[in-house]
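2 protein chains.
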Amino acid sequence: MNLPSPSLVIDRSALDHNIATISETLPGRHLRPHVKAFKSTALAQRLADAGHRTFTCATVREAEGMAAAGLGEDLLIANEIVDRDQLRRVAAIEPAVTLAVDSEETIDLAVLAGVRRLLIDVNVGLPRCGCVPGDAGRLADRARAAGIDVRGVMGYEGHLMMVHDRASRIRKVERSMALLLEAAEAVGGEIVSAGGTGTFDTNTWANEIQAGTFLLGDTQYDALDLPFRLALTLECSVLSINPEGWLVVNAGLKSLGMDHGNPTWLEGEVMFCSDEHTTLRCNEPSTWSVGDRTRLYPAHLDPTVAKHERMWLVDGEEIIDQFAIDLRHW
Amino acid sequence: MNLPSPSLVIDRSALDHNIATISETLPGRHLRPHVKAFKSTALAQRLADAGHRTFTCATVREAEGMAAAGLGEDLLIANEIVDRDQLRRVAAIEPAVTLAVDSEETIDLAVLAGVRRLLIDVNVGLPRCGCVPGDAGRLADRARAAGIDVRGVMGYEGHLMMVHDRASRIRKVERSMALLLEAAEAVGGEIVSAGGTGTFDTNTWANEIQAGTFLLGDTQYDALDLPFRLALTLECSVLSINPEGWLVVNAGLKSLGMDHGNPTWLEGEVMFCSDEHTTLRCNEPSTWSVGDRTRLYPAHLDPTVAKHERMWLVDGEEIIDQFAIDLRHW
Numbered sequence: 027m028n029l030p031s032p033s034l035v036i037d038r039s040a041l042d043h044n045i046a047t048i049s050e051t052l053p054g055r056h057l058r059p060h061v062k063a064f065k066s067t068a069l070a071q072r073l074a075d076a077g078h079r080t081f082t083c084a085t086v087r088e089a090e091g092m093a094a095a096g097l098g099e100d101l102l103i104a105n106e107i108v109d110r111d112q113l114r115r116v117a118a119i120e121p122a123v124t125l126a127v128d129s130e131e132t133i134d135l136a137v138l139a140g141v142r143r144l145l146i147d148v149n150v151g152l153p154r155c156g157c158v159p160g161d162a163g164r165l166a167d168r169a170r171a172a173g174i175d176v177r178g179v180m181g182y183e184g185h186l187m188m189v190h191d192r193a194s195r196i197r198k199v200e201r202s203m204a205l206l207l208e209a210a211e212a213v214g215g216e217i218v219s220a221g222g223t224g225t226f227d228t229n230t231w232a233n234e235i236q237a238g239t240f241l242l243g244d245t246q247y248d249a250l251d252l253p254f255r256l257a258l259t260l261e262c263s264v265l266s267i268n269p270e271g272w273l274v275v276n277a278g279l280k281s282l283g284m285d286h287g288n289p290t291w292l293e294g295e296v297m298f299c300s301d302e303h304t305t306l307r308c309n310e311p312s313t314w315s316v317g318d319r320t321r322l323y324p325a326h327l328d329p330t331v332a333k334h335e336r337m338w339l340v341d342g343e344e345i346i347d348q349f350a351i352d353l354r355h356w
Numbered sequence: 027m028n029l030p031s032p033s034l035v036i037d038r039s040a041l042d043h044n045i046a047t048i049s050e051t052l053p054g055r056h057l058r059p060h061v062k063a064f065k066s067t068a069l070a071q072r073l074a075d076a077g078h079r080t081f082t083c084a085t086v087r088e089a090e091g092m093a094a095a096g097l098g099e100d101l102l103i104a105n106e107i108v109d110r111d112q113l114r115r116v117a118a119i120e121p122a123v124t125l126a127v128d129s130e131e132t133i134d135l136a137v138l139a140g141v142r143r144l145l146i147d148v149n150v151g152l153p154r155c156g157c158v159p160g161d162a163g164r165l166a167d168r169a170r171a172a173g174i175d176v177r178g179v180m181g182y183e184g185h186l187m188m189v190h191d192r193a194s195r196i197r198k199v200e201r202s203m204a205l206l207l208e209a210a211e212a213v214g215g216e217i218v219s220a221g222g223t224g225t226f227d228t229n230t231w232a233n234e235i236q237a238g239t240f241l242l243g244d245t246q247y248d249a250l251d252l253p254f255r256l257a258l259t260l261e262c263s264v265l266s267i268n269p270e271g272w273l274v275v276n277a278g279l280k281s282l283g284m285d286h287g288n289p290t291w292l293e294g295e296v297m298f299c300s301d302e303h304t305t306l307r308c309n310e311p312s313t314w315s316v317g318d319r320t321r322l323y324p325a326h327l328d329p330t331v332a333k334h335e336r337m338w339l340v341d342g343e344e345i346i347d348q349f350a351i352d353l354r355h356w
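Going line by line, the protein sequences match chains D and U.
Heads up: the first sequence runs through residues 27 to 356, numbered per my numbering.
Heads up: the second sequence runs through residues 27 to 356, numbered per my numbering.
Extracted from the complex, chain D is given alone in its bound form:
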């Protein structure tokens, strides 16, 4: 096997396991996979092949790319958009994309740009976007009065993804989703969209789950009690071996999302990441050679993938396929 380095590498059996596992709990439309985590239409196609043909997007670029790849039959952009040019691009996508709104202003801008389908985004406890639950019905009425198809509600309980105790997670998700269900009753429509990888099987109140990280994984989610495997690593080459006890590899923070901290190295300790290098502490540097390959496990999947042009699918030593990361940028 001779991949360029640094390269993102996907383990085929772990990928297959992750798709099969989530499909069992969330068949078909009960999963609305979030493409922001993996930003690749080739990977989205594998989910479509497993019966999941409705997708969540974070950016206009993601929605445009999914539609161009023939995966646009029911796309939700689960973020507010206020730039006029971006809204016009959303309105131009066929079939019509569903867009999140949380205020009079975001509704009026969407209407002005010709967007036809909206979802009311409700704040369910994470200090980010979303209207207060009691305002959702009024916003839906405003949109419907302008001729918009209001398909329901969404609310992301992102503040609960990392609750490690499962029983506590269930209780907190229930309280959070009570806010969303209150809004859903006022809004109507068929969609109650929420959740993520951390709550994929504990959020039983939403009728579709917006999970994405489950597909490839990262070390932060791996610390939870989830049934998914770590499928993604960053392969790199040993550039330099210092007899004082460290190796230097040719992958650093420009190829890794760093907001959840350092990557994990199974054969020793990560000392620090520089732009283009990672320095690894090991007990026996003499067992390594310059040019050896080794792999790092990223701490945060989404920003790691967003830094690369492609990922490689491998089965042991065999390279099976390469996937373009074709949904990057805005």
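No lab work stands behind these hints: they were computed from the structure.
Glycine included, each C-beta is placed from N, C-alpha and C at the ideal position.
Possibly wrong hints are sitting among the right ones.
To be verified - Estimated spans, in silico, between C-beta atoms of each pair: (1) D:E270 / U:R192: 24 to 32 Å; (2) U:R114 / D:D42: 31 to 39 Å; (3) U:G215 / D:L292: 57 to 65 Å.
Stated by the list, open to error - Okay, the calculated bits of chain D under chain U, using three or more residues with CB under 8 Å as the criterion: (4) 107-119; (5) 124-137; (6) 223-230; (7) 282-293.
Using the hints, position chain U against chain D.
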């Protein structure tokens, strides 16, 4: 002014100030600008126009792009490379690129691939690449015996960039550079390359300085006593306003280098960054409107720039130019 958002924005007067300031201390070849910080041939051309025509690169892609843009007359790749395909790409660049080596293995791989110019990389205290100073002469002999042009030495005192007290910084840089000068004496050749933005005027022992961050700046370097201005901000749009006292903007950790922490917002406090959003605490949310623009100052320049496709040069409200970030990836 109507830029897309999020967008990287360069303030023209700060950019001009930064180039003029460094050229005064380090005219012509005394500065070997490091393109890894800004990854744009258009910005490199501005430095060439100011008399700096020798450049430092971190990746093969940077060197290839610089050569293709007519800026390749004296390129140094200041990192070791061990992948055969990458080494062949280095050897194919005309005129010949100079490559860093720090071991018998990196020399032998470079020779095998047809690389013609090398620099001996010396460890001057940062736990990363570089040979021990006493080994530099032997490595140079080995390379010269294989017909290589060994142009001298380099050593990056990266562990001293953030020494805030100037007098202490000077003393530490002197001790670090004593190691490099010891190696330089054994190696010969005309180049003694070192330094960065943090030591651009305190490293008076090297004969060329590999600075890059000075050009656009970041909040980490801005905490030092340097004469440069912050030229780069990330412009974003207000998506959502919560009466409890926060704003949400449409730029998050996928558009910011996060390894030095959160960006800085001059009008309040950054609560946290998500993938596509930043939540900002402000005292008077009612003074903001959905759709308003605001700007964040990145904490770390290099990985921030590497996440974007382009930067915009502005003068007040006027958009002057756009620069492709054309030196990304590996």
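Checked hints:
no., hint, in the structure
1, D:E270 / U:R192: 24 to 32 Å, "holds (30 Å)"
2, U:R114 / D:D42: 31 to 39 Å, "holds (35 Å)"
3, U:G215 / D:L292: 57 to 65 Å, "violated (41 Å)"
4, 107-119, "holds (count 5)"
5, 124-137, "holds (count 5)"
6, 223-230, "violated (count 0)"
7, 282-293, "holds (count 3)"
In summary, the numbered hints that this structure violates are 3 and 6.
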